[in-house]
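Visitor: The lines below spell out each chain.
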Amino acid sequence: MTFLRKLALTTALVAGLSASAMAEDVKFGLLQDFTAVYTFVTGQYNQGQQDYLALANAEGILGDGNTVTAIVRDTGNQPQRGIEAYNRAKEEGAILFDFLSTPVSAAILDQASADKNIVITPAHGRGDASDGTVFPYVFPMMPTYWAQAAALIEYMKETGGLEGKKIAIVHIDSPFGREPGPILDALAKQEGFEFQAFPYASPGNEQAAAWSEVRRYRPDYVLIWGAGGGQAVSVRTAIQNGIRPEQIHSVIWLAETDAANVGPQMKGVKRFEATAAGTDHPIIQRIQEKVITPGKGSGDQANVGNSYYNLGVATMAVAVEAARLGLEGGQPLTGDTLKAGFEKISGFDAEGLMPPVTYTAEDHQGGGAGRVSEWDGEKWVPVSDWKAAYPDLIRTVIEESAAKYKEGN
Amino acid sequence: MFYRLSGTYHTSYQADRKLWKIPTDRWLVIALLVLAALAPLYVSPLYLGSYVLPWVIWSAAALSLTLLMGLAGQLHFGFAAVMAIGAYASIHLVRAGVPFELALLLSGLIAAVIGTVFGGAALRVKGLYLVMATLAMQYLVDWVVVNVPAISGGAHATLRTPDVGFLFLPIDSLASRYWLALGWAVALTVFFMNVKRTSFGRALVAIRDKDFAAAVIGVDPFRTKLTAFATSSFMGGVTGAILAFCFYRAVTPEQFGFNVSIQLVAMVLVGGLGSVIGSWLGAGFVLLAPIFLTNLVSGLAAGGWVPVSQNFLSHLPLMIYGAMIIGFLLLEPLGLAKIYDNIRKYFLVWPFRHARS
Amino acid sequence: MAYFLELLISGALTGLMYSLVALGFVLIYKSAGVPNLAQGALVMTAGYAVWMVMAWGLNVWIAIPVAAAIMFGFGLIVERLLLRRMVGQPVIMVVMLTLGLEILLRGLVPGILGSTPKPIDLGIDFAPIIIGDVFINRTSLYGGIAALALVGASLLFFRTRLGTKLRAVSDDHVSSWAVGISVERAIGISWGLAGIAAVVAGALWGSSQGADWTLSMLLFPAVAVVILGGVDSVPGVVVGGILVGVLGTVIPGYLDSFAGGSTRDVVTSLIILLTIMVRPFGIFGREDIERI
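Protein sequence lines correspond, in order, to chains A, B and C. With the UniProt record's numbering, you'll find the first sequence wraps up at 409, consecutive numbering, no jumps. With the UniProt record's numbering, you'll find the second sequence wraps up at 357, consecutive numbering, no jumps. With the UniProt record's numbering, you'll find the third sequence wraps up at 292, consecutive numbering, no jumps.
Because the hints were derived from the structure by calculation, they are not lab data. Just so you know, not all the hints are guaranteed correct.
What the hints assert, rightly or not - Listing some non-contacts, in silico: residues in chain C with all C-beta distances to chain B over 12 Å:
#1 L58
#2 P65
#3 F72
#4 R85
#5 V91
#6 T160
#7 A168
#8 D171
#9 S176
Unchecked claim - Sample of chain A residues at the chain B side, in silico, Cβ under 7 Å:
#10 F34
#11 T35
#12 I83
#13 N87
#14 P175
#15 G299
We put the beta carbon where it would ideally sit given N, CA and C, even for glycine.
Chain A extracted, bound-state conformation:
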């Protein structure tokens, strides 16, 4: 037994040495939910991620012949399958993980941190993980749900004022749906508006009761907080209840597919976005040219440039940039050097695809900047500039929640 183990160790060492002398293959574990709750986003999101990694390899972004490989597995949103997939990918050498599933991320967070592996939770997962001092190996990377709620409120303030206004928040009845609660509580006091929450039962294929109530509340603005098919139902039922599309503001999960499901009436609906949509960006153009045209794309060509596709591209652009910076010193890439790489990222904007982000040892959210865009009947048009809303408030909420986590919650 010991002999075998020694043999294995030596082989690994030799292999490791020769690898660091030559080129390194960085492995990312994209262990996501392709078959259950997150199907509305995973397909396009993962396609964007894989296509960007293909581009990174084609362009040799990591330098020195280093490459990056994705390990893609379906977890079906089941924690026990996520744990298995994580352990297996870890064995295969993955050092960065993206689960795109709140329950799976929650089940693995502690283990991954103990293993010193990076977990990115872009646009999902717990917001307090933005506190790098408590969660050293977790990178929410993009605006948390709290920052998204704040950005939408700030947009309302700029477009129509908040003093004395009424906001209805219509949300799916789950922990995710209740995320904006504390932010709204704090901002209502600060800005002098009132709000009321209207939950609807998961998965949201029927929301008549909630919207009848919303109509009688006569809100000035409506915030919809759901995901998947429920979002299209929200928009439809809202319009049917006499709420104008311009009044509707959505969390990040509202995209081209939902617009197709709602139809032309969706024109005017606004949503938060963390990355720009459309194909009119240098990175997307180069993906078209170097990955899609040669037939190396990982999915349906029609998806290229969609909101979720671009979101996936942006996550991998940041991760590859972190890997590049982490490899700069010439040392092999591990969870720790990758973390250092992330924290070296400053003002990176993926050539305009996303707002400039800067990660520090304290801030793993990267500033939390985003913007609001509006559906014009064909595509999403930005109606505000990249910026972080109420950063101090968000930071306080993050730190309070992280402190609670530290105590054992």
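Fit chains B and C to the given chain A structure using the hints.
Guide: Frame of chain A; chains B and C shown alone:
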């Protein structure tokens, strides 16, 4: 040859009532037990942590459910909710300062009390209606867990298990967690094998076969059914607590959803109703088959063997899994236990085919 | 008062849309005695089928009959290949088989046709019908009318020659055999009819949320409908649907703001539980179910 048997020839009732009538069986079980106990020494952490450990725990869960479904014949489509009660109760008890050993017992008792309420429906209906009633209770428990932040653990609905020790052994390393889970699963197995030989076990079987006939021969259906629900829920509750402390270590409501209940029923049925070996085999099959299929399919895809889209690829295991459940029910309704039994029967007198009983 | 009235109406209409899903369940249970827990997945498959046919470029009013023909055939095949071999097995085996079918369909259909929600545009106007201060959703209104029409058609169908055979089969398999009725064919046809009902349900529900796997989750409210109305009663589907819809809308309409969460699933669960405890065979069901 392996069993060194030419037929079944017991000369006393004592010998016929033995748990293992054939010495080979006993040696086989002992060998397996030793292998299982020593698993942390020779199984890599990857396989121990993500295959063997969950298999052991889910086997315990399947055993708890098959006591109810297999022995007592009471269908239960909300067993994940019972396990959720055990898991949440144990974590809150430990956090309140109750020692872990006691918390396990208490969480089992709490699950038993609430589980018996589930059983109330069984006093009135059976079959399809019992399925629906337990299903409704699953939704009710889910709702309570999700909507009461005091239970689910606040804004993120994630509850981490505190560090604990069991009988002076700290439950922190993978091996210790595995041993605790194995100990519980073995205890349940031993209990299950013996309960079939007690008056309680026989009463359960009588109820399963025909409840009013059981009443005629003096088995009180009311009491027996409730006891069956209570016992099974106690076992399920403790298993839920073990699952939380030994495997997940961070509990979210999704871990005990409706689809987990379905999975448990599938384990019991694919394994074979009311069978001990079936529970182990069924749990292993239902739990690990989708994982192996996912890895196999991804491996084949990476090798360029399956030229299909990522979307189709990731749905393939789901299709095969569904097809396998259907296949089992159509081709071998008695489950994996029956297949094992057929193989064993064949080898009992092998190579002397003519001597087969 | 207007609020109550609006909840009442939208609840009743939503409930009737649940009836569309429940109708397929009842049709199969009535003739074959099989609880089809895959009915939700059938609705999902039907929704995808409608979308697929529309993607061929066909008008929606042609697409629905074509999809209905496809689903009728699909129902026949499922019965022939799977359920016929389960005759005489205990109910748990049949329940698990239909759940296995549900898992299979949930993998197969989105796997082949794509898992992002597929739009089904029925061309229904968004603007609500406004009576006083009461808004009525047109999609639900048409859904409710479709449900009533379909149930009416089923009732008429049971008066035809074929329908009479189906009723005979639902009364007693062996006696039907004895008088020369092909029980297998009758059961097969009931599966086909359930497929057609699924198309109407899939098209209407799919038009409001898009066709994706979440359509299969309509099974749960549909189960409440059939339990309340009676598992083997076609008119029960209407009454059960309206009751489940009204209770599931009116009660959350008043309670949710206090409970701080959506109470609809709680109401649905309680309807199932209370019905089973008080009157297990439902409002219109036959009383010969297994009692203890």
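Visitor: Hint by hint, note whether the structure agrees.
Guide: Hint by hint, here is what the structure shows:
1. L58: Non-interface label on C:L58 holds, nearest chain B Cβ at 24 Å vs cutoff 12 Å.
2. P65: 28 Å, holds
3. F72: 21 Å, holds
4. R85: The assertion about C:R85 is violated, with a minimum of 5 Å to chain B.
5. V91: Incorrect as stated: the minimum Cβ-Cβ distance to chain B is 5 Å, not above 12 Å.
6. T160: 29 Å, holds
7. A168: Label holds. Min Cβ-Cβ 22 Å, cutoff 12 Å.
8. D171: Non-interface label stands for C:D171: nearest chain B Cβ at 19 Å, farther than 12 Å.
9. S176: Fine: 22 Å to the nearest Cβ keeps C:S176 off the interface.
10. F34: This hint holds: A:F34 lies near chain B, its Cβ roughly 3 Å from the closest one there, short of 7 Å.
11. T35: 5 Å, holds
12. I83: A:I83 check passes; min Cβ-Cβ to chain B is 6 Å, inside 7 Å.
13. N87: 4 Å, holds
14. P175: 4 Å, holds
15. G299: 6 Å, holds
Going down the numbered hints, you'll see the structure goes against 4, 5, while the others check out.
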